[in-house]
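A.B. asks: Here numbering that gives the first Met the number 0 is used: the sequence shown runs in plain steps of one and ends on residue 460.
Hint data in this document are derived by calculation from the structure and do not stem from the laboratory.
The reader is advised that the hints may include incorrect statements.
Stated by the list, open to error - Computed list of lysine-lysine pairs in DSBU-like fashion (alpha-carbon distance at most 35 Å, straight line):
id, residue 1, residue 2
1, 362, 267
2, 239, 4
3, 140, 280
4, 389, 280
5, 362, 280
6, 362, 42
7, 42, 26
8, 267, 280
9, 362, 26
10, 307, 389
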Amino acid sequence: MESEKPWFAGTRALVVGLARSGCAAAKLLVRHGAQVRGVDRRKAEELGASMAELKTLGVELAFGAIDPGQLDARDLVVVSPGVPLTLPIFNEADRRGIPVAAEVELGFAVARAPIVAVTGTNGKSTTVELLGAMARAAGRKSEVLGNIGTALSERAEEIPSDGLLVVEISSFQLEACTRFRPAVGVLLNVTPDHLDRHGSMERYAGLKARMFQRQTEADFRVQPLGDGRIELLLRTMRSKPLWFGFADPTGDGVWEEGGILHYRFGGKSGAVIRRDESALKGPHNTENMAAASAAALAAGIPVRAVAKALREFRGLPHRLTPVAEIDGVQYVNDSKATNVDALKRALESYGPPVTLIAGGRDKDGDFVSIRALVAERVRHAVYVGEAASKLEQSWPAIPHDRAATLEEAVQIAHARTASGGVVLLSPGCASYDMFRNFEERGARFEAAVLELRRSLEKARR
């Protein structure tokens with residue numbers, strides 16, 4: 000959507016949170032003539048060299064606290080995704096009538112290329128990377144942006160109108176959205192997560208649906224077949240539905256049946272690929288592939304480019320990533336499984352016997368809900384981190400050990416697992432009790448597995 004001046008041009012803006020999204024928002028605001036003040040409760044040295052760049056651009060900076068007084072002489076507040084909207088500054092902004100916008104709204108306002116936006120509890124990153132690969136296979140200039148990676152504000156102006164912007168959107172970003180309207184929106188799933196921030200499933204699910212509220216009849220929404228909660232959430236939306244799942248939706252969409260990914264769209268139908276042509280493992284990845292394919296078709300990407308990308312895509316790190324085989328045992332890194340549903344999907348991808356390494360910082364997850372699946376697939380468990388006691392109470396029949404470190408957990412898992420088994424790191428919890436993020440946790444697991452292999456090989460020489 001191209002315009003002479005975006006709605007925020009010339010404003011006196013306060014950017015709250017100066018990590019990647021906040022920095023990108025501040026720079027975009029400056030480019031369009033805004034007078035910008037930035038604030039973060041961390042110290043300047045914790046935020047790195049980007050603070051000097053903002054200062055050079057004329058951004059007024061404040062660190063160490065987020066104070067309602069920083070709203071003085073401001074007529075717009077831009078919030079980064081990691082900043083909770085429950086802070087007093089946002090209540091004061093509301094009292095003063097100062098609008099609050101998410102960073103992604105700024106990027107949307109200046110974007111020239113159509114936007115395909117993906118949200119959901121699990122599978123977002125894999126789906127957006129698939130979409131980016133599909134666009135590249137079709138020869139379209141594209142960027143994969145949003146949520147954890149590069150902010151939409153940083154690159155939105157650089158992609159031409161015949162390109163494609165693929166954006167991963169979290170519930171944290173949607174909380175402050177009032178303008179965002181993707182040409183194609185994808186809702187993969189809604190299962191319990193981030194309830195420590197959002198308070199209830201109803202509010203969390205409602206935030207996911209917010210992405211579709213401003214769509215028109217010219218836009219598309221991609222949604223799972225047979226999910227009653229999502230169907231109810233999206234029933235009143237005006238956009239055209241495309242379905243994905245494991246049965247013929249009778250309407251337009253992409254689905255797996257008989258080992259083949261089928262499509263129906265724009266009056267055409269046929270096969271995309273055989274499911275076994277893809278390297279991605281598990282039924283959850285079948286859903287990600289189908290959802291990405293449906294969104295790609297809606298964005299004008301030819302079926303042949305969709306099929307090429309699906310055949311060549313190798314998956315993302317820390318998502319059911321094979322690390323090594325040692326003494327006939329597979330070691331698999333699924334550190335990205337930071338909630339119960341992601342853990343469930345990992346277990347569905349591997350038959351017994353599984354030795355499960357799980358635990359970390361609990362996000363109010365309902366581990367009891369997957370007790371039957373855990374009993375069916377897991378022969379032994381090793382618990383780490385703050386959630387160890389909760390896991391023991393949730394799955395009392397599962398033989399288990401506790402480990403003080405991830406390295407110790409790998410050693411215990413090796414001792415407990417016979418040839419033909421799988422050692423699966425799928426924590427079902429956040430990583431912040433022991434690690435900076437899930438990437439560090441996954442890297443530490445992989446390093447521990449490779450060190451185990453080296454030490455065993457050395458001992459056998």
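A.B. asks: When the structure is checked against the list of hints, which entries are broken? Sort them ascending.
C.D. replies: 1 and 10
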